[in-house]
Amino acid sequence: MSAQVRAVAGSGVPLLAVEGLAKVYPTGKKALGGVDVVIDRPQLVAVIGSSGAGKSTFIRCINRLVEPTAGSVRLNGEDIVALDRKGLRAARRRIGMIFQEYNLVERLSVMQNLLSGRLGYVGLFAALRYRFPPEDIQAAFALLDRVGLDGYHDQRADALSGGQRQRVGIARALMQRPELLLLDEPTASLDPKTSRQIMRLVRELVAERQTPAIINIHDVALARAHADRIIGMKDGLIVFDAEASALTDAALTRIYGEEDWSRPQDADDEPAPAAAAPGSLSLIS
Amino acid sequence: MTTAVSYPSRWRAPSIFGSPGRRLAFWALVAAYLVWSLSSLNIDTARIIAGLPRAWTILERMVPPDFSRWQLLLTGMVESVQIAIAATIIGAVLSIPLGIAAAANLSPRPLYLAARGFIVVGRTFHEVIIAIFFVKLFGFGPVAGLLTLAFSSAIFLGKMLAEDIENMKPGPVEAIRATGASFGQTFFYAVVPQVLVKTLGVLIYRLDSNLRHSTVIGIVGAGGIGQTLSASFSRYDFDFASAILLTIAAMVAFGEWFSDWARRRLR
Amino acid sequence: MTAHQQPPRGSAPMRGYPDQWERYSPRERFVRWLWLAGIAIAAAWSVSALDIEWAFFADAHEQAADLIERMWPPRWSYFPRIVQPLIETLHIATLGTMIAIVFALPVAFLAARNTTWNQGTWLIGRGMLVLSRSINTVIWGLVFVAIFGPGPVAGICAVAARSVGFIAKLVAEAIEEVDAGQIEAVEATGASTLQVYGVAILPQILPVLIGTSIYRWDINVRESSVLGFVGAGGIGLLLYASINQFAWSQAIVILIAILGIVIISEALSAYVRSRIV
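Which chain is which? The protein sequence lines are Z, F and B, in order.
Oh and the first sequence: position 88 is 87 in numbering that gives the first Met the number 0, straight run, nothing missing.
Oh and the second sequence: position 171 is 170 in numbering that gives the first Met the number 0, straight run, nothing missing.
Oh and the third sequence: position 204 is 203 in numbering that gives the first Met the number 0, straight run, nothing missing.
Isolated chain Z (complex conformation) (with noise of 0.2 Å):
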């Protein structure tokens, strides 16, 4: 698979740059340390180490569901940090996020779910009756059919099965026409098949979108298999930040300690043809 990477035409100022971004918890306990990260260009950007490490803080402090306390984070050149209520608001619009337990409303249809994510443009009554604008409806269409849902719509959400509920969460996100889209464990409740679809379905739209992504993840195998680059936290600090093919050895005792890294994996990692198994993504559209 050729994990291509697209450099957008140089514009000065990085998609995402973030700056010495600190988390103190009132109970005491330092969850990020000062982190920095640039990203230039739409790319996958997967981010390792064990739990505690701060991977959930850092994500949620891009979009202030968690408060940092110290630092920047700037999104094309805006400030998400000194932005009042209003104006997070507005700015979260602007970032998808993408959730481990899915977090779709359970009680609400696929197509209300999907239209959650046009809430920052429409007012409360329109929300409350779920009168959109026509091409938001169409774009949900569209949506649904690409992440493999067509027909859905009217299903409610409660009754989907796990892969099918991140898939509408992916769509919810993308309805936002994001700038940048969050990803917290996205495949942790899945089985191995599924994380390895919604992966490949994510390292797809970030290229058809030349949408930058940030992925929190546990499983280091299908980091390495997706991403364009790959970012190592320990203790609330980055000590690895490079291309997926430079994860050596030497850098995952960095990240996670002593262990044998040279062990061989399953068999199962090995990315299966796409048309194998019934169910699977169609990747053409």
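The reader is advised that the hints may include incorrect statements.
Short derived list, chain F residues pointing at chain Z, Cβ under 7 Å [stated by the list, open to error]: (1) 6; (2) 7; (3) 8; (4) 12; (5) 16.
For the record, the hints were derived by calculation from the structure and aren't laboratory data.
Think of the CB as a built atom: it goes at the ideal place given N, C-alpha and C, for glycine as much as any other residue.
Got chain Z; can you put chains F and B on it based on the hints?
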């Protein structure tokens, strides 16, 4: 880059009523009901509007509450608490035979039906209706209130007890019966241990709700703080009335907190 | 007997079994007795302090028999006169519940820890809950009769005032139990706070709101049957008047009618709730 597929640009959220027609029917029904009910009540809007300034003066006279006659207030409150406690205990005692009689798995069919019928009829009538009958029988005063709440507690507790007995596991009852135990022995060794904790919880809950009800039966002369409150309203003694209302609210809130706390301790 | 006296097998000493067994330790038993004594004292204090005039009990059964005799047979010709007040009773319960639903929703959001703005607004919400819930419908009736004068309007307000707290408390508990992840996800799309409430929370609490409101409605039918005692409209007015005029054969007709509407509305409420959930 035009795609061959074109996607629909219209979509309507599924209505919780099933279809748009049914939703329309629902709201039409609501509107029709409102028109019918409001017109049949002959609400005199002019009088309500005229009453609004009066409402303001009443509210003004309610503030600040007048606690200077606290002795009267205290006597009424203590009487309400006493009625509640005594009624709960008497009601609990009476509920045991009623509960056993109304449990389908313990009592013979005719007795069961009679007990259930008694519970259904007794539960239907509001405490105030029952109180007015006891007032007619025993005269004004706390005795009527005590009997009212004892009666409705017995019915409530009897119903809960009957349901608990019906829901208990039949195994232990059979096992104890198999040892040759009598009805009484079976009851105390197999039934009581299974239903005791839950029954105690219900009892505490009932004490709490008796406390609430004891504040209202005084309105028909059945004793307690309700009588004092009713009198203060009829004398336009609004600042004293607001003091009584606040005290009732505080006591009921405390009762609810106590009941929650005690039931949590039971677990 | 002799066979039993031999120690079983080798030199192992005979185990001594206790010949006494108690269910509770002495301390446990002491605490239990303390509880029982406390209850007994509370009962004794309550009953003795009530100044019960035992003389009244002597002829109570005669009085009761007399009452029943006078009630029977019911004066059915009176029934047409109570139809309108019965309908009024149902209207009071229904309109009061409807008003309560409208007010209960904002109060519930105010009183739920995860949707209220700050500690101050939470306290206001909780205060409204406590005040509404701890005052009985009939007492609310007294208050509103003082304000609006006698009539069904006071009754509707009384029912609404009591029901707001009842419905809002259960809905607030449902809001506090809403899945936080679903809220977080909608928040992350850049939705406003009210949109989050409407889109992420409302669908999740709607079944609770509807179920609770229907349940409260059937309680309210029962409550409305006595609101007339304080002049707040409904059938209670006629019942009170009949009893005060010793028109017992009329009173029994009213009681049977109340029995009918309360049982029917209870059954209806149970049926609708079972269909919804």
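Hints versus structure:
Of the supplied interface hints, the one on residue 6 of chain F holds, with its beta-carbon coming within about 4 Å of a beta-carbon of chain Z, less than 7 Å. Satisfaction of the interface hint for residue 7 of chain F is found here, the shortest Cβ-Cβ separation to chain Z being roughly 6 Å, below the 7 Å cut-off. For residue 8 of chain F, the suggested interface contact is upheld, since its CB lies about 4 Å from the closest CB of chain Z, less than 7 Å. Contact between residue 12 of chain F and chain Z, as hinted, is supported at the beta carbon level, the nearest pair being about 4 Å apart and thus within 7 Å.
Checking residue 16 of chain F against chain Z: minimum C-beta separation of about 14 Å lies over 7 Å; hint violated.
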